[in-house]
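*Asks:* Hints in hand, dock the two standalone chains.
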Amino acid sequence: MQRGSRANSASLSRVERYLSSLLVIFVFLCTLVSPAVGADSIAQPPSSVAPIQPETLGANTPLGRFSYLAGSGLRLGKTGLTVGGFATAEVDHLENGERRGAIEDLNFLISFDPVPFVHLFTELGVESLATVERGRRGIRSNPSLDAARLYLDLGDRDALQLRVGKFRTPIGRWNLAPRDPLLWTTSEPLIVENVFDDTTTGAMLHGSVFPQGGALSYSLYGAFLPPLDAGRDEHPVRRSAGARLEWASLKGWTLGASYFASQRRNGQWNHLGGADLLWFPHRRVELSGEILFGEGTIKDGATWGMYAQGVVETLPTLYLVGRYEHFNPPGGGRDINVFDLGFAWVPLPYLRFKADYLIADHLNEFSSPGLRMSLSILF
Amino acid sequence: MGTRLLSIALALLVLTPANIAGQESRVAVIVHPERRAALSADEVAQIYLRRKRFWDDGTPIVPLNLPSQASLRTRFSRLVLQQTEPRLADYWNRLYFDGILPPATLASTEAVRRYVASDTNAIGYVPAAEVDGSVHVILYLE
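The listed protein sequences derive, respectively, from chains A and B. Throughout the first sequence, residue numbering follows my numbering, covering 1 to 379 in sequence. Throughout the second sequence, residue numbering follows my numbering, covering 1 to 142 in sequence.
There's no promise every hint is true.
Stated by the list, open to error - Simulated restraints on C-beta separations:
#1 B:Ala107 <-> A:Phe224: 45 to 51 Å
#2 A:Tyr218 <-> B:Gln69: 35 to 41 Å
#3 A:Thr317 <-> B:Glu110: 30 to 36 Å
#4 A:Leu320 <-> B:Tyr91: 19 to 25 Å
Said to hold, decoys possible - Here chain A is said to cover these stretches of chain B; the calculated rule only asks that three of the stretch's residues, wherever they fall, bring their Cβ under 8 Å from a Cβ of chain A:
#5 31-43
#6 52-60
#7 82-94
Stated by the list, open to error - Only some residues are given here: those of chain A computed to face chain B with a beta carbon under 8 Å:
#8 Phe121
#9 Gly125
#10 Gly213
#11 Arg238
#12 Phe280
#13 Pro281
#14 Leu378
Hints in this document: simulated from the structure, not taken from any laboratory. By construction, the Cβ of each residue, glycine as well, lies at the ideal position given by its N, Cα and C atoms.
In isolation and in its complexed conformation, chain B is listed as follows (with noise of 0.2 Å):
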């Protein structure tokens, strides 16, 4: 009886709004199931400035982000480009002298997801809890 409702009780915290939100501001790095590559926080950063624009088998990566005012999009940033908007902004104008442009921007993070699932040589991040089988995760960023 006892473990039943130690069972009952730990359901219950594992279900509890502070861990639900957790899985939802998880953030997921996806590319194509087909892409089995593992990248570390700094090589997707590496993708995100566009000094890494290959994948190992020589095919271009396409990274893909969101609107500059997603939220997701900032928490991104942060996280893995440890940059602000303006530095960040500075940096594109000095690679756009080169001819290099930015990574695309889709208008949702569904948009993202659906574009990843039929490119094999994207790659996305989207919210955790919007991951399905479409999509191989290859880093949760937290």
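Just chain A, same shape as in the assembly (with noise of 0.2 Å):
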């Protein structure tokens, strides 16, 4: 508990320095730069052109319009800050007897755009702010704060731009973008939640080139600073590199290619590759998948693991939703098949109610067959 707490505490301090760094960095930024260039990265349109600019809020001050749309964050004037963010509210009722509500997820995503070719952003995220839970007696609140993603952009070419700080780490297409509000599950992919660490804190080098009816992107990047919450981790990244190219045809599919080599604590090199597909055969049918295979995981041994989603809009708002999985446990345990199924409605972009029932072919420790619900809200 003790040891607990000391990593605890440890990563606390780490994240107050990068947010110091942050502060520093948004300090000499805002000095550097004049209001008036800020002016040209936010799209004002000149007084001579009656603007628009949707918002549900908002209100002219010294610095500009302030001004916040749902969903879409609160822009600062003419600073360049954005101000947004998302909650999540769960309720778990698992075959397990474990049934718990809790207000999961308070995270804000800020960013900072001074110049045109400089791209700050954080998204901070609070955890575990409630919890109810069968068994325990009144309402459990334990939030922690957490720099989940602190990163710089540098570039003024699409083909290259420089990214440093800790960011997703570009495995697959779930990892890039898997909070709540933005999936159509509640539950993750076993592949995406137990087999490599979903951030990395270093530099990446990426950038997209247009050919003719898509867009061909890359990543390169490695990581060669601590994680930022380390004392989370039981086998920490010592140093790992790894390589994203994707191809986002406009026809509506995206295929991807990842590969990730990782040095653990005991000093050995682990590597993953994988592919993943997006495709929307129909404007009211989403299908994706993911493979993962290789040696060497977050708890070593070889693995590999699928998965295979669609979602079908049957009515406008409401989607049905259906999930399978394949997952060769790290360590030659015995191989999941799990299937989960349910529905989101979406009677907002912003908000996003989901209902879903896991389905494990055995019982194991890496997934809990059961009902989860959760609602979600951008701002």
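*Replies:* So, in structure tokens, the structure goes:
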């Protein structure tokens, strides 16, 4: 327990250090850039043209118009700052008897674009805000602040950008945007949850070129900084490097391939490779899938797994969702087959209610069968 | 005499309501007159999806949209982006997760034309019939 709290404080102090760095960069860029230059990056029309930037709330201030649009955040005048975020409430009713309700995430998305070639971004998360659980009295609250992402993008060419900081590890599609308001199910596929570190702290070269018919994007990245939340990871990565290539066709399909190599504390290098697909065969149908295989994982040992997911809009705003997963756990455990079936209701683009039932072919430590529901909002 | 009649008939044919309507229904993608970029419909799509965010000279592209209720926007989305509004909303949510916002919206095609005429980095779309000398057309969509 004491060890856990020591790890937590170490983690918090790292977060504080990174936040301090963020603040220093912010102040530096503020002093470097005049408000007039900042205004160029926000696309404010000249005063002679009546703008109607869609907004839910707005007010004129000396810094320009503060404009809030539900699901798109608050734009703070001509400063180049945008503050938004999302929140999720969950209810679980699992077959193992676990019953719980929680306000699981309250995350803030903060971006700062002082000049066109600088994009500073952070996602600050407050986890475990409130939990009610069967067998335990009252509401438990153990909020902790976590810099889920914190990075700086530099570059004035689409083909070449430099990202430095903590960012989502670009393996597959799911891991790049794994938050509830963007997903169709309440649970994450096992290959995304259990195989690799979901963030990398280091640097990444990335960019896109645009041949006829689509966009070809690449990412080349490596970790060389200690992870922000190393205290939570039993086997933190010592060094890692990876690459991702993606073709996004304007015809409605995206194909990606990823490779990732990591060296853990035990000195051993692990290798992972995978492919992913997103396809819209019809305007009401979305199909996606990923396959990942390799040697060595967070818990060591060879593994492979895949998922295939289908989403069909049956009535306007109501989507039926089904996912099949196969997972060969690291260390030679028994293969797991999982089915996740449910629906998602999206009455507004920034509001999503989901309910799905997860079925596994046998009891295992990786997936808990049962009913899960969530309500998430982008703000 | 016959040639003159033929010329008059042809002129009348050119001015038929169908042709005038055709001109009005064309969508012109416009930029500042100083911007001599040549863009294909696919490149315009990448700009409006915020994947392509810089002109070749390294200056930022400022794409301008019309309000979501505007019929011209629906038409533009169908012709260029080839996506429905719900799917686009999903796409923008995903980009919002990385701090990237959709194109700025202006109230009218008149506002779009005036903005583009005043900003060398801007790109917009208006009905072809509304184009004047203050902007440069880089692409017509039908």
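*Asks:* Evaluate each hint against the coordinates.
*Replies:* So, going through the hints one by one against the coordinates:
For the pair B:Ala107 and A:Phe224, the beta carbons lie near 49 Å from each other, so the given range of 45 to 51 Å is met. Distance hint check for A:Tyr218 and B:Gln69: the Cβ-Cβ separation is about 38 Å, which falls inside the suggested range of 35 to 41 Å. In this structure the supplied range 30 to 36 Å holds for A:Thr317 paired with B:Glu110, their Cβ-Cβ distance being about 34 Å. At roughly 21 Å, the beta carbons of A:Leu320 and B:Tyr91 sit within the given window of 19 to 25 Å.
Coverage of the stretch 31-43 of chain B by chain A holds. Counting CB-CB distances below 8 Å, 3 residues qualify, and the rule asks for three or more. Under a criterion of three residues with beta carbons nearer than 8 Å to beta carbons of chain A, the stated coverage of the stretch 52-60 of chain B is upheld, 6 such residues being counted. Proximity of the stretch 82-94 of chain B to chain A, defined as three or more residues with a beta carbon under 8 Å from a beta carbon of that chain, is established by the 10 residues found. With a least beta-carbon distance of about 4 Å to chain B, the hint placing A:Phe121 at the interface is held under the 8 Å criterion.
Because the closest C-beta pair between A:Gly125 and chain B is about 13 Å apart, greater than 8 Å, the hint is violated. With a least beta-carbon distance of about 6 Å to chain B, the hint placing A:Gly213 at the interface is held under the 8 Å criterion. Taking 8 Å as the C-beta contact cut-off toward chain B, the hint placing A:Arg238 at the interface is violated, the least distance being around 27 Å. The restraint placing A:Phe280 at the interface with chain B holds, with a minimum CB-CB distance near 7 Å, inside the 8 Å limit.
About 13 Å separates the beta-carbon of A:Pro281 from the nearest beta-carbon of chain B, more than 8 Å, and the hint is not met. The interface hint given for A:Leu378 holds, since its Cβ lies 6 Å from the closest Cβ of chain B, which is under the 8 Å cut-off.
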